[in-house]
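Q: Sequence:
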Amino acid sequence: MTAIALVPAAGSGSRMASATPKQYLDLLGQPLIAHTLRALLGAAGIAQVVVVISPADEWWASYDWAALLGESLARLLVLRVGGVSRAESVMNGLTALAAAPIESPQADQQAQDFATSDDIWVLVHDAARPCITSQQVDAMIVQLEYDAVGGILAVPVADTLKVAVNHSAEPRIAHTTPRAGLWQAQTPQMFRRGPLLAALQDALPEHVAEITDEASALERLGHSPKLIMGSPWNLKVTYPQDLEMAKLLLQANR
Numbered sequence: 001m002t003a004i005a006l007v008p009a010a011g012s013g014s015r016m017a018s019a020t021p022k023q024y025l026d027l028l029g030q031p032l033i034a035h036t037l038r039a040l041l042g043a044a045g046i047a048q049v050v051v052v053i054s055p056a057d058e059w060w061a062s063y064d065w066a067a068l069l070g071e072s073l074a075r076l077l078v079l080r081v082g083g084v085s086r087a088e089s090v091m092n093g094l095t096a097l098a099a100a101p102i103e104s105p106q107a108d109q110q111a112q113d114f115a116t117s118d119d120i121w122v123l124v125h126d127a128a129r130p131c132i133t134s135q136q137v138d139a140m141i142v143q144l145e146y147d148a149v150g151g152i153l154a155v156p157v158a159d160t161l162k163v164a165v166n167h168s169a170e171p172r173i174a175h176t177t178p179r180a181g182l183w184q185a186q187t188p189q190m191f192r193r194g195p196l197l198a199a200l201q202d203a204l205p206e207h208v209a210e211i212t213d214e215a216s217a218l219e220r221l222g223h224s225p226k227l228i229m230g231s232p233w234n235l236k237v238t239y240p241q242d243l244e245m246a247k248l249l250l251q252a253n254r
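In this text, residue positions in the sequence shown follow full-length UniProt numbering: the first is 1, and each later residue adds one.
Derived from the structure by calculation, the hints contain no laboratory data. Please read all numbers here as calculations on a predicted model, not as lab measurements. Treat the hints with care, as some may be off.
What the hints assert, rightly or not - No more than 30 Å apart at the CA atoms, straight line, and that leaves these computed lysine-lysine pairs for BS3-like:
id, residue 1, residue 2
1, K236, K247
2, K236, K162
3, K226, K162
4, K226, K236
As the list claims (entries may be wrong) - Pair by pair, the computed Cβ-Cβ distance ranges are:
id, residue 1, residue 2, range
5, V157, V208, 21 to 27 Å
6, Q251, T2, 29 to 35 Å
7, D64, N253, 19 to 25 Å
8, V208, E71, 36 to 42 Å
9, T2, R80, 22 to 28 Å
10, G42, V155, 19 to 25 Å
11, D64, D118, 34 to 40 Å
A virtual CB, placed ideally from N, CA and C, is assigned to each residue, including glycine.
Taking the hints into account, I'd like the entire structure generated from these sequences.
A: Written as structure tokens, this is what we have:
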């Protein structure tokens with residue numbers, strides 16, 4: 001199977017309280033996103049990794065990616081088509097891929113036709129989830145390869161959930177939400193390029209606030225993506241303390 005990994009990396013990461021976008025923050029002597037890309041490029045089912053950055057990105061070019069990624073750099077494509085939201089960056093990246101087909105290991109025309117088709121699988125993964133492993137990516141691909149819709153990595157909610165009032169000022173509990181049946185979404189989220197692009201185009205820009213991940217765009221059109229058990233260690237770096245946790249997890253897996 002040949003799949004593409006798409007990494008939206010055009011955000012500023014404002015909740016990190018840093019002038020540097022979080023995907024470029026130092027993580028064990030390397031930019032955070034380098035750990036993410038290395039894991040994706042190491043997955044046997046991924047033919048190419050596509051990074052979508054902002055047209056105004058001034059950080060990407062400052063790194064020696066050949067030294068960071070080695071020979072796998074040949075399977076990395078960088079597109080400066082990032083938008084103002086994650087959903088827009090993914091949509092722009094998917095659109096641009098039609099004009100920038102993957103580098104297929106096969107040279108025949110059938111392989112190239114597949115590489116540019118709407119049926120190719122795309123795994124969208126957060127740049128700020130550096131603790132994903134190649135093994136998790138490959139296991140997900142195997143489980144979803146023949147699925148009619150696609151699916152996402154997720155973990156069942158374990159904590160008691162509270163709904164707050166005055167959540168932006170002085171939060172207080174309004175009520176408790178039952179956690180039965182609730183899952184916490186992670187990435188990668190794996191869908192075929194055509195249906196995912198169509199779902200995003202249909203939702204944006206009128207419903208951009210509702211589209212917090214790729215699955216929500218498909219759900220809006222009545223699809224039911226599959227839930228694949230993820231890992232609590234596949235954390236998303238959102239706040240400064242998350243960066244410290246990511247360091248511990250990556251060091252433990254070395």
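Q: With reference to the structure, classify each hint as holding or not holding.
A: Hint by hint, here is what the structure shows:
| no. | hint | result |
| --- | --- | --- |
| 1 | K236 with K247 | holds, 12 Å |
| 2 | K236 with K162 | holds, 21 Å |
| 3 | K226 with K162 | holds, 26 Å |
| 4 | K226 with K236 | holds, 21 Å |
| 5 | V157 with V208: 21 to 27 Å | holds, 25 Å |
| 6 | Q251 with T2: 29 to 35 Å | holds, 33 Å |
| 7 | D64 with N253: 19 to 25 Å | holds, 24 Å |
| 8 | V208 with E71: 36 to 42 Å | holds, 38 Å |
| 9 | T2 with R80: 22 to 28 Å | holds, 25 Å |
| 10 | G42 with V155: 19 to 25 Å | holds, 22 Å |
| 11 | D64 with D118: 34 to 40 Å | holds, 36 Å |
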